[in-house]
Amino acid sequence: QSALTQPPSASGSPGQSVTISCTGTSSDVGGYNYVSWYQHHPGTAPRLVIFEVNKRPSGVPDRFSGSKSDDTASLTVAGLQAEDEADYYCSSYTDSNTLVVFGGGTKLTVL
Amino acid sequence: EVQLLESGGGLVQPGGSLRLSCAASGLSISSYAMYWVRQAPGKGLEWVSGIRGSGRKTYYADSVKGRFTISRDNSKETVSLQMSSLRVEDTAVYYCARDVVGGSHSYFYGMDVWGQGTTVTVSS
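Going line by line, the protein sequences match chains A and B. When you line the first sequence up against my numbering, it's residues 1 to 111, in that order. When you line the second sequence up against my numbering, it's residues 1001 to 1124, in that order.
Nothing false has been slipped in among the hints.
Below, simulated DSBU-like cross-link-like pairs (lysine-lysine); rule was C-alpha separation at most 30 Å, straight line: (1) B:Lys-1065 to B:Lys-1043; (2) B:Lys-1057 to B:Lys-1043; (3) A:Lys-107 to A:Lys-55; (4) A:Lys-55 to B:Lys-1057; (5) B:Lys-1043 to A:Lys-68; (6) A:Lys-68 to A:Lys-107; (7) A:Lys-68 to B:Lys-1057; (8) A:Lys-68 to A:Lys-55; (9) B:Lys-1076 to B:Lys-1057; (10) B:Lys-1043 to A:Lys-107; (11) B:Lys-1065 to B:Lys-1076; (12) B:Lys-1043 to A:Lys-55.
Covered, in the sense of this in silico footprint (three residues per stretch, anywhere, with C-beta under 8 Å from a C-beta of chain A), are these stretches of chain B: (13) 1034-1045; (14) 1052-1065; (15) 1109-1116.
If you want a taste of the chain A side facing chain B, the calculated C-beta under 8 Å gives, among others: (16) Ser-36; (17) Glu-52; (18) Pro-57.
Hints are computed from structural coordinates only; laboratory data are not their basis. Glycine is no exception: its CB is placed at the ideal position from the N, C-alpha and C atoms.
Construct the complete structure from the given sequences, taking the supplied hints into account.
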């Protein structure tokens, strides 16, 4: 069982927006602004798309955005494109002795 | 080209040991926290271990604590993961990754540079 809770799947049609949630606790998501999101296509290295809740690394389209409310962080992908179909994982700093926690992942399908 | 290159994966019997290495090419990792993350077949990403840039502070997931040891050699821009008492459930692709933010800090900001992964198979 993952420390952070994500829905197993999400979907949307091309051009639509989809939001993926990531729920933790006050020891991780709720207590710190250190939530990051990764896009992972099978067989490739994961790609950072959001860090520190809502910051985008260079090269990541502004269609990707992040937010947080209390213990839940969210990743929104606007203007869905076929290449957005992938697995998405959230992670967070945690003040437990393990430092990092991951979500179980959400498979995003572009219909 | 900016990349992290993992090596050392392979087939090992349960109870055996393996040492993974991660070498930086085209980028510096000496002042960055570094991490190992794995993905078991059909499963999601799992954070395994981390080490501060200084090497003085290390972190482990509960699932590997006491069996895995992370270390680094900043002069060689490398990070290693010594794995012992391996179990079937340690079978996975192991990735090394660099923290987004360098320098001395006590947090985890995210992982912006990843290697392509090395496969570890634990089986008799």
